[in-house]
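Residue numbers (the numbering used here), protein chains in the order written: chain A, 1 to 97; chain B, 1001 to 1272.
Derived by calculation from the structure, the hints in this document are not laboratory data.
There could be a bad hint or two in this list.
What the hints assert, rightly or not - Footprint (simulated), chain B over chain A, 3 or more residues, beta carbon under 8 Å:
id	segment
1	12-26
2	38-51
3	59-71
4	74-85
Each residue gets a CB set at the ideal place from its N, CA and C atoms; glycine is no exception.
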Amino acid sequence: MTPYLVLSAILFTIGSVGVLTRRNSIVVFMCIELMLNASNLAFVTFAKQHGNLSGQVAAFFVMVVAAAEVVVGLAIIMTIFRTRRSASVDDPSLLKY
Amino acid sequence: MTVFWILSPIMVVAALGLLFVRKAVHAALLLAVVMISLAVLYAVLEAPFLFVVQIIVYTGAILMLFLFVLMLVGVDASDSVVETIKGQRVLAIAAGTILGLLLGVSVGQVTLGTAVGLSDANAGGNVQALANLVFSRYVFAFEITSALLITAALGAMVLAHRERLTPKVTQADLARQRMQDYADSGRHPGPLPAPGVYARHNAVDTPALLPDGTAAESSISRVLAARGTVRTAPVNAEDIDQITRQLGVEVDTAPEVAGKVGAAASTEEDVR
């Protein structure tokens, strides 16, 4: 089962680097989804490791939360895009002035 | 394990591509690759329900929502490579490497032993067993989830809502405006000419021809003109010659025009 966990760790790392480096807010969002998916893989792997379905239930709840989060997040991005004409994460820094 | 060793390189490469591709649409497609591969891994890991949910919810709903927003925001909106915080990218990659090493080493240190497997837990069917758990031990979390979903739907509606600042333009207003424009600037009040009228093709990218043989700019969509994909009559004429040569057919004896006196002469070039 260790290879699955290593793959999950790799995907999580790539997702976190993406969140830090990418400028387009939609791509940043995709990287967050990648991190959620990586954690889901770990959940499902541990479910099989321990012969217990709780891990799969947790993965299911993560998916539901991810769906809700994407809906609200994309709505926020759309609202920012409407006023700023840009989806870059650098532009909302104007909020601090 | 064969499936895993086939899919995991694909997933890692696609995920790395997510970091490097310039266009957001390509990133979305790479994410789709990762998610579908993950769904297959779920099937291998004895989670058929999550396999289906991953396909339907993630690749079906969430990714389509991403693509939908990308289309609204503009597909061409590519990432800028300008660093706004100095050294941020290098630091981020260094921190990511450290995190990856930390996770990899800690996972590698753990001895997991042989996997128990889910054949016992899935004995009565995976979906039934999951339903038993969701509606008994995790029923409270399940109820909270419903509240979360309602909140998210309401939040999205509130965020996407836009108050109308100006009164709605009615048909009568539009007609009045059209006549006003005609009176002021002499703009033609009728509908715009259709593309391709009296031109050789009737495709939308072929401008209609005016009586003097010049192209009528107003017959072409502004978007096509901005992209520069408008086809002019000479280009189309070249196309016809090329196709005639490829087919080895004489235009005058071709079945569509054969026998029609002056059929070929009805095109604009000949008239001109």
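Which of the numbered hints are not met once you compare them with the structure shown? none
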